[in-house]
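One letter stands for each residue in the lines below.
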Amino acid sequence: MEIFNIIVELIQLPAVILGLIALIGLLIQKKPASEVIVGTIKTMLGLLIMSVGIGALIGALSPIQAMFEAGIPAGGFKTFVTFDEAVVGAVQGANLQSIGAAIAWTMLFGYVLHILLARITKFKYIYLTGHMIWIHAGAFAILFHSFGLSLFWTVFLASIVDGIYMTLSPALAQPIMRKITGNDNIAFGHGQTLLNMVGAWVGKLVGDPSDSTEDREMSDKLTFFRDMAISISLIMIVVAFIGVILAIIQIGIPGVEENISGGQNWFVFTLLQALGFTAGVLVLLQGVRMLIAEIVPAFKGVAEKLIPGAKPALDCPVIYPFAPNALIIGLISGTIGQALGMVALALIGWPVPLPSMIAAFFASGSGAIFGNATGGRRGAWAGGFLWGFLGWFIISFAYKFQVFGDLAAMGAENLGFTVPDAIVPGILIWLVAKLFGV
Amino acid sequence: MKIATLCGMGFGTSMLLKLTIEDIFKEQSISGHQVIPWDLGSFKGQKVDLVVAPTDMKSHLKSSETPVVYIKNLVDKEEISEKVLAAIQDIENKRKGGE
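Residue numbers (this note's numbering), protein chains in the order written: chain P, 1 to 438; chain Y, 439 to 537.
Hints in this document: simulated from the structure, not taken from any laboratory.
Note that CB positions come from ideal geometry on N, CA and C, so glycine has one too.
Careful, some of the hints might be misleading.
Unchecked claim - Coverage of chain Y stretches by chain P, computed from C-beta distances (three or more under 8 Å per stretch; other residues unrestricted):
1. 474-482
2. 493-499
As the list claims (entries may be wrong) - The calculated label-pair distances, taken between Cβ atoms and stated as ranges, are:
3. G483/Y - S62/P: 37 to 47 Å
4. G263/P - K485/Y: 39 to 49 Å
5. A433/P - H471/Y: 44 to 54 Å
6. H471/Y - G255/P: 55 to 65 Å
7. S469/Y - L48/P: 47 to 57 Å
8. K124/P - K510/Y: 53 to 63 Å
9. K30/P - Q466/Y: 34 to 44 Å
10. I37/P - K534/Y: 28 to 38 Å
11. V8/P - K510/Y: 51 to 61 Å
12. I6/P - G483/Y: 49 to 59 Å
Unchecked claim - The calculated lysine to aspartate or glutamate pairs, modelled on DMTMM-like cross-linking and capped at a C-alpha distance of 25 Å, are:
13. K500/Y - D528/Y
14. K434/P - D406/P
15. K300/P - D461/Y
16. K300/P - D528/Y
17. K500/Y - D227/P
18. K510/Y - D406/P
19. K440/Y - E35/P
20. K534/Y - D494/Y
21. K300/P - E35/P
22. K464/Y - E517/Y
23. K30/P - D494/Y
24. K464/Y - E35/P
25. K179/P - E516/Y
26. K300/P - E530/Y
27. K300/P - E517/Y
28. K124/P - E530/Y
29. K496/Y - D215/P
30. K42/P - E460/Y
31. K515/Y - E9/P
32. K510/Y - E35/P
33. K496/Y - E465/Y
34. K30/P - E465/Y
35. K179/P - D528/Y
36. K300/P - E460/Y
37. K532/Y - E503/Y
38. K440/Y - E516/Y
39. K440/Y - E520/Y
40. K521/Y - D184/P
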C-alpha cells in the first residue's frame, strides 16, 4: 500500500509530470539511455529551480511594493509586476489544490489537440515557442481552475482552449508575417499576436507601408537592452528608487528604515532589493530554460512526423532581422506607451503594472514591426505605442478583476499576466462564466 | 565541440537555433557536437568552443575570446549551415595546426 501511496503522490507533482512528458518525448526520439535520464532529471530540476527564483523574486518585490504602499496615500492605486513566467511558475510551484499538476497535463493534452487540429484542419502550423506553450497552458488551466472545476474538467477545458489557441493564432498573424518576411515559410508563435495585430490594423489606417522604417540608417546604441540582466536591473533600480522616495516623502527616512528595510540603510536596502529582484528573474529564467529544453525538441519531432510540411510558428525575435529599425522604434514608443498607460491607470485608480523592459523590447518591438509592415514609419510608432498603452490597460484589467482568480492566494503575490493571447480569451471566458453565474 | 546559441532570454530563439543546427548536423551525418542554448547575460564565463548569435548582438560580443558566428536571418537554414560549418572547420584546422 505504501508504494501505491508514494506513486499516487508522485504523479500529482508538477515536476514529475513534466519529467514524464520529457521522458516520453526523449523515448519517442529514440535518444540513448544516458540522454533520456539526464533530460528527464533536468526537466524536473527546471521546475524546482524556477520555484527558487520565484522565491527570491517575490522576496525582493514585497519590500518594493511596501514602499509604494507607504508612498501612495490611502485611496490611491496599487502597483504590481506583470510577468507571465513568474505567475505560472509561482502558481505551479506552489501547487495548491493540484493546480500545478493541472498545468502540466494541460501542456501535454493542449499540445496533442493542437497537433490533431493542425492535421485535420487547413491551419498547418506547428507552435514551437516553448515558454509560450507552457505559459498559455498555465494561464488557461489557472483560469478554469478559478471557476472551482475539478482537476479533470480544468485540464479538459483548458486543453481545448489551449489547442485552439496554438492552432489559430499563427494563422491570424500569417498575412502580416508574409509582408514582414517576404515569404510564406515561417509563422508567428508568441502570446503577443492580438496586440501585434492591433498594431498592424492601426498602422494601415495611419501610415503607408512604402515609407518603411528600414530605408533609413539608425544608431544601434539601444541594443544594450539585449542583455536582460542589465535592462531589468536598470529598470528595477529606477522603479525601486521612485518607490522609496515616495515612501520617504510620506513617512520619512526613519519610517522607511523602521517599517520596511528592517533597520538597514534605506539607500543600500533599495539598491539590494532592485538587484535581488533581477537575480530572482535570472534564476527563474534558468529554470524555464531547463524545463522546456527537452520538451520542445520532443514536440517538434512528433509534430513534424504527423504534419509534414507544416509551417513552424516561432518566437518573436525571428522577425527582428527583417526590420531592426522598427524594433528600436518599438522599444522607444512602447516605453512611452507604458509610461502614459501607467499615468492613465493611476488617474482612474486601477492597479498599475510597473514598467517592463521585456514587454518594451519583445512585445512593443514586435508590435512596431507588424505596424511597419502595414503602415511604415508611422505604423511602427503606433504599433509599439499601442502595445505599451493598450497592453497596460488589458494587463491592469485582468489584475483588477481577478480574471484568473486570486493569483496571490495561489502563490503569485503582486504578479499579473502580460500576454494578450492569454488575457483576452481569458476575459471572454470569464465574462461568459459570469453570465452563467459561476 | 561545445557550441552555444544565444538570445536575449536564452530559451526562445537560441532554442530554435539549436534545433536548426542539430537538424543540419543530422542531415550531414556530423556527430560529436553539443549545442546548448544560452542567454546573453549569463553565458559569459562558460567554456564553449563556438558561439552562434543573432547579428544584433554584435556589440555585446566584441570582446569574446571564443569565435562567434553571427546569423542575420535566423530562419535561413542555408545561412546557418554555411556559417556554422565553416566556423567548425576553421576551429578544427587551427587545432590541428597547433599540435
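Measuring from beta carbon to beta carbon, are K30/P and Q466/Y in 34 to 44 Å? 19 Å, violated
K300/P paired with D461/Y [C-alpha distance capped at 25 Å]: The given pair, whose Cα atoms are some 11 Å apart, holds under the 25 Å limit.
Given the hint that K30/P pairs with E465/Y, test it: the Cα-Cα distance must not exceed 25 Å. Answer holds: K30/P to E465/Y is near 17 Å, not above 25 Å.
Regarding the pair K496/Y and D215/P, is the alpha-carbon distance no greater than 25 Å? 21 Å, holds
Does the structure keep K300/P and D528/Y at a Cα separation of 25 Å or less? With Cα atoms ~31 Å apart, K300/P and D528/Y exceed 25 Å; violated.
K510/Y and E35/P: Cα distance at most 25 Å? Distance ~32 Å between K510/Y and E35/P Cα, so the pair is violated.
Between K510/Y and D406/P, does the CA-CA distance stay at or below 25 Å? Given that 25 Å is the threshold and the Cα spacing comes to 44 Å, the pair is violated.
Can the restraint linking K179/P and D528/Y be considered satisfied, given a maximum Cα separation of 25 Å? Between K179/P and D528/Y the Cα gap is close to 37 Å, so the pair fails against 25 Å, i.e. violated.
25 Å Cα cutoff - pair K434/P, D406/P: With a Cα-Cα distance of about 15 Å, the restraint between K434/P and D406/P holds, given a limit of 25 Å.
Against the 25 Å threshold, does the CA-CA distance of K534/Y and D494/Y hold or violate the hint? 32 Å, violated
Pair hint outcome, K440/Y versus E520/Y [Cα-Cα no greater than 25 Å]: 18 Å, holds
Starting from K300/P, check that the Cα of E517/Y is at most 25 Å away, please. Holds: K300/P and E517/Y sit about 21 Å apart, inside 25 Å.
In the structure shown, a violation is registered for the earlier hints numbered 3, 7, 8, 9, 12, 16, 18, 20, 23, 26, 28, 31, 32, 33 and 35, in ascending order.
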